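With the hints as extra help, turn the sequences into a complete structure.
The chain contents come next:
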Amino acid sequence: MNETTYIAAFIAVAAVATFATRVIPFLFFERHTEHPLVQHLGRYLPAAVMALLAVIFLQRSTSWTGALPGLDALLPGILVICIHLWRGNALLSIAAGTACYMMLQQTAILGA
Amino acid sequence: MKNAVFKLTLPILFGYLPLGMAFGVLFTTQLDHAWWIAPLMGILIFAGAGQILAVSLIAANAGLVEVFVAMFVLNARHLFYGLSLLGQFRGAGWRKLYLIFGLTDETYSLLTSRTRGPDKAYEQWLDFRITAFNQCYWVIGCTLGALLGDNVAFDSTGIEFALVALFIVLTLEQLKALGESFPVWIGAAAAGMAMVMVPPAHQLIGAIAMVTLALLLHYRRTALTLGKEGMSHE
Numbered sequence: 001m002n003e004t005t006y007i008a009a010f011i012a013v014a015a016v017a018t019f020a021t022r023v024i025p026f027l028f029f030e031r032h033t034e035h036p037l038v039q040h041l042g043r044y045l046p047a048a049v050m051a052l053l054a055v056i057f058l059q060r061s062t063s064w065t066g067a068l069p070g071l072d073a074l075l076p077g078i079l080v081i082c083i084h085l086w087r088g089n090a091l092l093s094i095a096a097g098t099a100c101y102m103m104l105q106q107t108a109i110l111g112a
Numbered sequence: 001m002k003n004a005v006f007k008l009t010l011p012i013l014f015g016y017l018p019l020g021m022a023f024g025v026l027f028t029t030q031l032d033h034a035w036w037i038a039p040l041m042g043i044l045i046f047a048g049a050g051q052i053l054a055v056s057l058i059a060a061n062a063g064l065v066e067v068f069v070a071m072f073v074l075n076a077r078h079l080f081y082g083l084s085l086l087g088q089f090r091g092a093g094w095r096k097l098y099l100i101f102g103l104t105d106e107t108y109s110l111l112t113s114r115t116r117g118p119d120k121a122y123e124q125w126l127d128f129r130i131t132a133f134n135q136c137y138w139v140i141g142c143t144l145g146a147l148l149g150d151n152v153a154f155d156s157t158g159i160e161f162a163l164v165a166l167f168i169v170l171t172l173e174q175l176k177a178l179g180e181s182f183p184v185w186i187g188a189a190a191a192g193m194a195m196v197m198v199p200p201a202h203q204l205i206g207a208i209a210m211v212t213l214a215l216l217l218h219y220r221r222t223a224l225t226l227g228k229e230g231m232s233h234e
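One line per chain: the protein sequences are A and B, in this order. Going by the numbering used here, the first sequence opens with residue 1, and the numbers climb by one from there. Going by the numbering used here, the second sequence opens with residue 1, and the numbers climb by one from there.
Since the hints were made in silico from the structure, they are not lab data.
Simulated restraints on C-beta separations:
id, chain 1, residue 1, chain 2, residue 2, range
1, A, Leu68, B, Lys176, 29 to 37 Å
2, A, Trp86, B, Gly149, 39 to 47 Å
3, A, Ala12, B, Ala49, 14 to 22 Å
Since this is a predicted model, take the numbers as computed values, not measurements. Every residue, glycine too, gets a C-beta built ideally from N, C-alpha and C.
As structure tokens, then:
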């Protein structure tokens with residue numbers, strides 16, 4: 001297999017594998033939309049998944065080598081929560097948290 | 001309405017541009033392939049972590065079966081996303097295929113968190129636009145990264161925190177809309193457990209599997225309680 005064939009085959013396989021993970025629930029559960037279990041998952045899964053994405057990505061944004069490990073991501077995270085509870089404006093909360101995080105990262109105030 | 005979709009997806013723009021660029025830079029600096037293959041992967045694959053993993057797989061000249069397994073396992077968390085969108089995507093016609101194709105973490109977050117009107121066809125059209133906007137941001141990021149290499153002048157270090165902030169905001173919004181906090185605690189607890197017990201590459205799928213299991217148990221318990229109540233009424 002030469003390089004061009006390989007990269008074409010690679011992209012095709014990677015695309016099919018990724019699409020498969022996304023389409024499988026629609027193939028296997030489409031006829032069970034009204035099932036109470038599917039409704040139960042549909043009701044609660046998004047909130048649970050959102051919380052776990054927030055926690056895991058928050059942890060990945062932090063550097064554990066600083067003087068106060070975890071604080072460089074926790075502080076902007078708490079700022080997002082406070083501003084969002086205060087104003088309820090998603091873009092404002094996200095912009096404030098991101099600006100705070102960027103400042104902490106770029107100035108390394110908390111020690112990188 | 002154009003502006004509403006743009007505003008809704010703006011945090012994704014701030015998250016996807018730097019991440020897409022990171023992939024593009026990685027692609028052109030690590031591999032000897034034409035630069036345009038990076039955006040092509042953004043168009044055909046559309047998976048952040050998946051594409052970054054793909055760079056090391058290409059570099060290692062990995063076998064195609066291995067590629068399939070690696071990509072499937074890495075993206076396996078998406079297996080659970082469709083479950084909460086089955087009804088929502090029903091009857092979307094040709095758009096449905098694209099809605100499913102574009103179901104990344106971030107798109108899923110937006111589609112399951114936004115408020116919906118009664119006009120289903122219109123809401124599905126908005127879902128479609130949201131997905132397409134997100135993919136545009138991603139492909140633009142991949143292109144810029146691949147073209148610029150590492151000569152990026154603007155210090156955007158940390159701007160990808162926009163996605164973390166988005167997940168936090170959407171958790172709060174879910175909490176408000178649902179009026180019940182237990183799924184949020186289950187999600188946070190599962191994330192904590194996965195972070196302690198599972199290596200980083202499998203944390204997301206580990207946590208989502210735990211969350212689904214917990215919700216299954218919760219479903220069984222509520223079903224049992226409801227069943228008992230039903231009997232006591234007889």
